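Undergrad: Chain by chain, the residues run as shown.
There are 2 protein chains.
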Amino acid sequence: MRDGKVKIAVVAPASRLEPETAERVQEIARTAYPGVKLVFHPQCFLASGHFAGDDETRMNAFVEVANDEAFSAVWFARGGYGSGRIAEGVLERLHAAARRKLYLGYSDGAFLLAGLYRHGYHAAHGPIPHDVRRVGGEDAVKRALSFLADRDAAALEPTIDGKHPTAAFNMTILSHLIGTRLMPDLSNHVLMLEEVSEHLYAIDRSLVHIVSDETLRRAAGVRLGRCSDIPSNDPEFGQTPEQIMQHWCTVAGIPYLGRGDIGHDAENKIVPFGFLKDMPG
Amino acid sequence: MRDGKVKIAVVAPASRLEPETAERVQEIARTAYPGVKLVFHPQCFLASGHFAGDDETRMNAFVEVANDEAFSAVWFARGGYGSGRIAEGVLERLHAAARRKLYLGYSDGAFLLAGLYRHGYHAAHGPIPHDVRRVGGEDAVKRALSFLADRDAAALEPTIDGKHPTAAFNMTILSHLIGTRLMPDLSNHVLMLEEVSEHLYAIDRSLVHIVSDETLRRAAGVRLGRCSDIPSNDPEFGQTPEQIMQHWCTVAGIPYLGRGDIGHDAENKIVPFGFLKDMPG
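If you're matching them up, the sequences are chains X and D in order. Position 265 (the first sequence) corresponds to 384 in the working numbering; numbering is contiguous. Position 207 (the second sequence) corresponds to 326 in the working numbering; numbering is contiguous.
Hints listed in this document are in silico derivations from the structure and should not be mistaken for laboratory results. Nothing here was measured: the structure is a model prediction, and the numbers come from that model. Among the hints, erroneous ones may be present.
[To be verified] Pair ranges (Cβ atoms, derived):
| no. | chain 1 | residue 1 | chain 2 | residue 2 | range |
| --- | --- | --- | --- | --- | --- |
| 1 | D | Val254 | X | Asn186 | 54 to 62 Å |
| 2 | X | Asp187 | D | Arg252 | 52 to 60 Å |
| 3 | X | Lys124 | D | Gln362 | 41 to 49 Å |
| 4 | X | Glu137 | D | Ser347 | 26 to 34 Å |
| 5 | X | His238 | D | Asp269 | 30 to 38 Å |
| 6 | X | Asp258 | D | His283 | 54 to 62 Å |
| 7 | D | Gly239 | X | Arg300 | 50 to 58 Å |
| 8 | X | Gly372 | D | Asp397 | 31 to 39 Å |
| 9 | X | Ser167 | D | Gly208 | 30 to 38 Å |
| 10 | D | Asp258 | X | Gln362 | 37 to 45 Å |
| 11 | X | His238 | D | Asp174 | 34 to 42 Å |
Where a beta carbon is used, it is the ideal one built from N, C-alpha and C, also for glycine.
Bound conformation, chain X alone (with noise of 0.2 Å):
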């Protein structure tokens, strides 16, 4: 590192960062983390339609940090929507030093995180500088930064313990996912799902996308995360996001492994794509 420090790098692949949302941010790493240099590429402040920059702006960016030797993480500003359209574009561009840092984000952000995963490279799912405007926001941002910085143990999510390689999905991404070029092999993964947002019979309809896959149907287990801000179901869809999730566990023959310590909130905890004492740094 040039100056000593751990530089990490900040870009958008989806939606667009206010610029006082990523100064509260820094403003939590020089106090926190001071060992940590926190570089926000400008992309993150553009505007393209519902995107931080155009596709081939945010391509660019991300290539951009993720070739550069002197970042030892890539993490992501935001989710919204976004990464999808550009991740394929990014892979075909990534050089050896890319191999060499950590992605760091989650919701939208999966779809780069799952086809870097599937391509060898170091992903976690985790919170991102944007929720920072969480209610106790402050918290999720530093356990992001003591796990960039430190891999804290103490970020990861608690039931995580080595023996199966981990990953974790919002459920509408991956059903996303399913069949694309992006898609790793998550047979023998314990995999961990939230959603936010989704009505039951959404959420009901993405889980029997995901457990049709073959490879998610060999997967070690399943653990539901936090599902939040469900709309109203018209009529009473009748059964809990764990009803459903342990209904379709048993269809598909997949062990359901409890609660995951994830979501869409400031609690929102570390999960490696693969193992912990895989990653770099």
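Given the coordinates of chain X, work out where chain D should sit on it, guided by the hints.
TA: Using the frame of chain X, we list chain D on its own:
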């Protein structure tokens, strides 16, 4: 046909039908199509949480009428959600009589229509009894009946010219079919896609998934049906549904053929899965 009439069975593989809705449709059939005998299976009116009866009950009703030689068609009472939960189970239990009839539905019903078509049964996208509740819905029901009873070509989507096989889907449903054992080979087909009540970013996300599928990339072309009741996007998405569709067709090398006359509305036209000339009756 035992009483000289065209007998059509109505079952509800997904959401429940109100008895009054069935009565309105019966009245239209009696008046406008006296040669048709519509038989609403009592299962249509059952309720089990979100569904018109539990999975086993809906499956049994579907299989019963599909395997009944007396019926020339099975008409799906309603979409909503639930046919994907029973489609594989239904397909395992169909007999030869099930091959000599037509299956008509759309929206969520396409989980079944897709699986039926994949396995060589005769399926078509088109209006359903529940559509009678729409403004102008009586016309939608008459259009479906004219096709069910007489294969009236006036009911067909008007661009269908018999040169290519066709298929029609709600985008969200097609996205959820990708990678499953229900997904038919749609290469060389003209594929028509419509959507309802989804954000523009979700339409974009479904289309990214759809055009990633190898057999869909070999479609003869794509037509865009209506995208209705789109919630407002924050921020402005910056593209119309047609611009989104054209973009992804270009990326995937699929010819974009213009608009198609389908959607979640009373104007929704009939689109055979495959060729009209191959339909029974």
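Undergrad: Take the hints in turn and mark each one as holding or not.
TA: Hints versus structure:
no.	hint	verdict
1	D:Val254 - X:Asn186: 54 to 62 Å	56 Å, holds
2	X:Asp187 - D:Arg252: 52 to 60 Å	58 Å, holds
3	X:Lys124 - D:Gln362: 41 to 49 Å	44 Å, holds
4	X:Glu137 - D:Ser347: 26 to 34 Å	32 Å, holds
5	X:His238 - D:Asp269: 30 to 38 Å	55 Å, violated
6	X:Asp258 - D:His283: 54 to 62 Å	57 Å, holds
7	D:Gly239 - X:Arg300: 50 to 58 Å	30 Å, violated
8	X:Gly372 - D:Asp397: 31 to 39 Å	38 Å, holds
9	X:Ser167 - D:Gly208: 30 to 38 Å	46 Å, violated
10	D:Asp258 - X:Gln362: 37 to 45 Å	41 Å, holds
11	X:His238 - D:Asp174: 34 to 42 Å	38 Å, holds
Hints 5, 7 and 9 from the earlier list are contradicted by this structure; the remaining hints agree with it.
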